[in-house]
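Undergrad: Read off the chains here:
Protein chains: 2
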Amino acid sequence: MNDHTSYMQALQATFDHEIPITREIGIRVAHYNGEQLALAAPIERNINHKATAFAGSLNSVGTLAGWGMIWLLLKELDIEGTIVIQDSANHFRRPVTQDFTAICRRPDSEQVNQFAHTLREKGRARLELQATIHEHNVLVMSFQGRYVALLNTREDRAL
Amino acid sequence: MNDHTSYMQALQATFDHEIPITREIGIRVAHYNGEQLALAAPIERNINHKATAFAGSLNSVGTLAGWGMIWLLLKELDIEGTIVIQDSANHFRRPVTQDFTAICRRPDSEQVNQFAHTLREKGRARLELQATIHEHNVLVMSFQGRYVALLNTREDRAL
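Sequences listed follow chains D and L, in order. Residue numbering for the first sequence follows this note's numbering, beginning at 1 and increasing consecutively. Residue numbering for the second sequence follows this note's numbering, beginning at 160 and increasing consecutively.
So that you can see chain D by itself, here it is in the shape it has in the complex:
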């Protein structure tokens, strides 16, 4: 089992145990290769009045794709931190009619280094990430989130 596989399993366990509504949405950590994270969900549980995916569920999967990418970055950087979202924006381009997968790409090395440096120095750092959902190779939904990571204090770690 390589690091990516064990990280995927740990992220799935985090979603399942710490954000229980993700089990109802059916969110599954589908893929992580160090460069991109893919979270999948079934259309059946997230269907709406138009027999397409509910916008709130698409936002949830996008939100967690960005959150999960930062969670993975912190693991790789060996930083103990907490991640919260400040702002997000969704653009629903076309209806989502099938099981869907949100993909978030890792920021480039310069952004990651800057993020890690600021977080270690200041105790908090911001990161903006995008997630996208495609259907038949067509972009159907785009998500943008601005997250803040906070270095855990010794007191947090004691909890």
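Don't take every hint at face value.
What the hints assert, rightly or not - Quick partial rundown of chain L residues pointing at chain D, CB under 10 Å, derived from the structure:
id : residue
1  : Tyr166
2  : Gln171
3  : Thr173
4  : Phe213
5  : Gln245
6  : Ser247
7  : Pro254
8  : Thr256
9  : Val297
10 : Gly304
Since the hints were made in silico from the structure, they are not lab data. We put the beta carbon where it would ideally sit given N, CA and C, even for glycine.
Following the hints, put chain L in place on chain D, whose structure we already have.
TA: Relative to the frame of chain D, chain L by itself:
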């Protein structure tokens, strides 16, 4: 039973039957008085890793507060239409630590008249709505959504 009460019940039934994930989130049509719509959800089902409300659930309740307001407007205008969301934005100002309620205010009469006129004339019309969540009288989350309503064709109505 006045119109507002029967509309609330019909909207609740629409959420329950047509967007089943709303039952898992625990979304409840809490209040409608013709001027504002309030949708409530319990923190317990929507808890996250920080013991606060999951951002995706806050977005879901905001999305449906706006969607529900247009659904109610169409009922009152006696227009058969379908509502979809195009874009949305969330601003998470503070953590939500309790059961939460998103409130969407009815647009002013001029906006409603313009919306109804365009929808009847062109078969589609856009409306931008805000929803807000307060905790102890402090704004903790704001949502903005841009929706499109589409006049149902005779074929749709036959379905």
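Undergrad: Would you mind marking each hint as holding or not holding in the structure?
TA: Comparing the hints with the structure gives:
no.: 1; hint: Tyr166; in the structure: violated (16 Å)
no.: 2; hint: Gln171; in the structure: violated (14 Å)
no.: 3; hint: Thr173; in the structure: holds (7 Å)
no.: 4; hint: Phe213; in the structure: holds (5 Å)
no.: 5; hint: Gln245; in the structure: holds (6 Å)
no.: 6; hint: Ser247; in the structure: holds (5 Å)
no.: 7; hint: Pro254; in the structure: holds (8 Å)
no.: 8; hint: Thr256; in the structure: violated (13 Å)
no.: 9; hint: Val297; in the structure: violated (16 Å)
no.: 10; hint: Gly304; in the structure: holds (8 Å)
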